[in-house]
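Letter by letter, the sequence shown follows residues 2 to 558 in the working numbering.
Worth double-checking, as some hints may not be accurate.
Unchecked claim - Calculated pairs, EDC-like style, for lysine to aspartate or glutamate (alpha carbon to alpha carbon, straight line, at most 16 Å):
no., residue 1, residue 2
1, Lys238, Asp218
2, Lys278, Asp480
3, Lys421, Glu410
4, Lys238, Glu275
Don't read these hints as lab results, they were simulated from the structure.
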Amino acid sequence: MKNAKKLVALLLSLALVLSLGACGGNDGSSTSSEASPSSTTEESGAAAESGDESQAETAETGEFQLPIVDEPTTLSYFVADDSNAAIMTTDWNDNEFYQEMERRTGVHLEFEMVSSADYQTNFNLMIASGNLADMIYVGASYYAEGVDAAIDDGYFLDLTDLVDEYMPNYEKVRTSDVQYELLSTTDSGRLGAVYELRQSKQGPWLGLWIRQDWLDDLGLDTPVTFDDYHEVLTAFKNEKGATAPLILNFSGSDGEFGTMSGGLNVLNSWQLDETGKVNFGPYMDAWKEYVTIMHQWYTEGLIDPDFMATDERTADMAKVVTGASGLFAALYTMPSVYEAASEDPNMNLAPVNPPVMNEGDEGHIRLRDSYTSGNTAISADSENWEVALRWLDYLYTDEGALLANYGVEGDTFEFDENGKPVFTDKILNNENGWTMTQTVASYLCPSAGIANWSDWTRELAGVPEKDQACYDVWSEFSDDWRLPSSVTLTQDESTERAALYADISTIVKEQTAQFISGALDIEENWDAYISALEASGMERAIEITQAAYDRYLARVE
Numbered sequence: 002m003k004n005a006k007k008l009v010a011l012l013l014s015l016a017l018v019l020s021l022g023a024c025g026g027n028d029g030s031s032t033s034s035e036a037s038p039s040s041t042t043e044e045s046g047a048a049a050e051s052g053d054e055s056q057a058e059t060a061e062t063g064e065f066q067l068p069i070v071d072e073p074t075t076l077s078y079f080v081a082d083d084s085n086a087a088i089m090t091t092d093w094n095d096n097e098f099y100q101e102m103e104r105r106t107g108v109h110l111e112f113e114m115v116s117s118a119d120y121q122t123n124f125n126l127m128i129a130s131g132n133l134a135d136m137i138y139v140g141a142s143y144y145a146e147g148v149d150a151a152i153d154d155g156y157f158l159d160l161t162d163l164v165d166e167y168m169p170n171y172e173k174v175r176t177s178d179v180q181y182e183l184l185s186t187t188d189s190g191r192l193g194a195v196y197e198l199r200q201s202k203q204g205p206w207l208g209l210w211i212r213q214d215w216l217d218d219l220g221l222d223t224p225v226t227f228d229d230y231h232e233v234l235t236a237f238k239n240e241k242g243a244t245a246p247l248i249l250n251f252s253g254s255d256g257e258f259g260t261m262s263g264g265l266n267v268l269n270s271w272q273l274d275e276t277g278k279v280n281f282g283p284y285m286d287a288w289k290e291y292v293t294i295m296h297q298w299y300t301e302g303l304i305d306p307d308f309m310a311t312d313e314r315t316a317d318m319a320k321v322v323t324g325a326s327g328l329f330a331a332l333y334t335m336p337s338v339y340e341a342a343s344e345d346p347n348m349n350l351a352p353v354n355p356p357v358m359n360e361g362d363e364g365h366i367r368l369r370d371s372y373t374s375g376n377t378a379i380s381a382d383s384e385n386w387e388v389a390l391r392w393l394d395y396l397y398t399d400e401g402a403l404l405a406n407y408g409v410e411g412d413t414f415e416f417d418e419n420g421k422p423v424f425t426d427k428i429l430n431n432e433n434g435w436t437m438t439q440t441v442a443s444y445l446c447p448s449a450g451i452a453n454w455s456d457w458t459r460e461l462a463g464v465p466e467k468d469q470a471c472y473d474v475w476s477e478f479s480d481d482w483r484l485p486s487s488v489t490l491t492q493d494e495s496t497e498r499a500a501l502y503a504d505i506s507t508i509v510k511e512q513t514a515q516f517i518s519g520a521l522d523i524e525e526n527w528d529a530y531i532s533a534l535e536a537s538g539m540e541r542a543i544e545i546t547q548a549a550y551d552r553y554l555a556r557v558e
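Based on the sequences and whatever the hints tell you, model everything.
Next comes the structure, spelled out in structure tokens:
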């Protein structure tokens, strides 16, 4: 089976190289977990401030003997690089967290670092080679046919009967909340990877930001409806000289929170509709309504004329800091960076929700709440799989989790009067002038690092209080029309839907942008667009996804 899979993986990797950009983000993913948010900070504190406590109490950890080996042992680790790492290195061994882990455990990691931008391609090439590292970063998120297939095909170690003996601390945490169990278990009941589990639920970490200082100067209220936003963006253009008042992503909308389409309760991805059934946003009637509005705004100069060249998640920083734009999507950690770099000392960014048609309309689309952002798979051929499991298990003890999240007491953190770890100036006011995201990536377990019992609230120390309010704002919309991240496809389903989605996503990306720009007339070409989606297997792809969602509901019950 492996030889055949090698050929398939190699062909897939070559196809991906040719089609990069055709499928935005993870919209076509057939896996159960979400990728880390661009290897930056992970979440905000507004959720914690509002009493959003973990669904599960921290599990009591068992005895753990260090070091975990009798003599020095090396494990290989296939992992992505991190643009936030201030250390100029191609080796994560320069990171102080991994150095301390080696001192404590006696295990050295030999990193196989690849570009995060081309991670899928590099992952497929590794699979095709048949030479897998002992540990594989987000392996469960990138094996095209799903985790069960990765086990059956002989690539990933089946952990189902191993975690009790070799990872008792992980297992205690994993089984302490039904959400952890759902996301870490396949439909067939197997464990194919070790998941990063968060000590409390993460709310939406990505959304829209607006120039609040411009609103104040112009005497405008925070926009709510599409008409409100039209008025605001027009004023930004005419009164503030904004040449790209609204920045959209390259395909006109995204599959994470919908950007401007979220208020119409559609996004560029699989979702639920008003009937509770699975649907696909760009196939729904509301998508036509969305692109019609965006086309009008585009012709009026309210949308960045270069939006098709914009990265899916990140606004063009130059356009933000020079005052060319006044409304854009960004991670909650970015406003303070934009404000510090702005040519306007009065820049003040505030979080807002996507527009709705009528004030009072309920929003059902936003970035989903999540309990993980990554996982670590173990190669089925690893000669040191027991060591790998014990090494990972240490990160689910209180001691190991403290190291991963905060580092070493007296160096990167101290305990406050309430016994809570707080960062020292080594993190908060780094002598090298690094940002907090850079120091975290250099001294602590990076957010795109290794599966661990993570405390996302560590990031709050580097985020101004006013920006943390975004979680309260963005959570005003519900995420109940988003498919849960624990919905998984079988091997056959993954293969079939991936093949269908390759064409579907290309049609959506290209024609949505063309509808907005006017290259395609919406009224004349909409029926042909829908027909093209149907000819590409849209209904069958929805049917496949519905079956997976039905199984998820059965698991929840």
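Cross-check of the supplied hints:
Using a Cα cut-off of 16 Å, the hinted pair Lys238 and Asp218 holds, with the two alpha carbons roughly 14 Å apart. Among the hinted pairs, Lys278 with Asp480 is consistent with the structure: their alpha-carbon atoms are about 15 Å apart, no more than 16 Å. Between the alpha carbons of Lys421 and Glu410 the distance comes to roughly 12 Å, so the proposed pair stays at or under 16 Å and holds. Restraint check for Lys238 and Glu275: the C-alpha separation of about 36 Å exceeds 16 Å, so the hint is violated.
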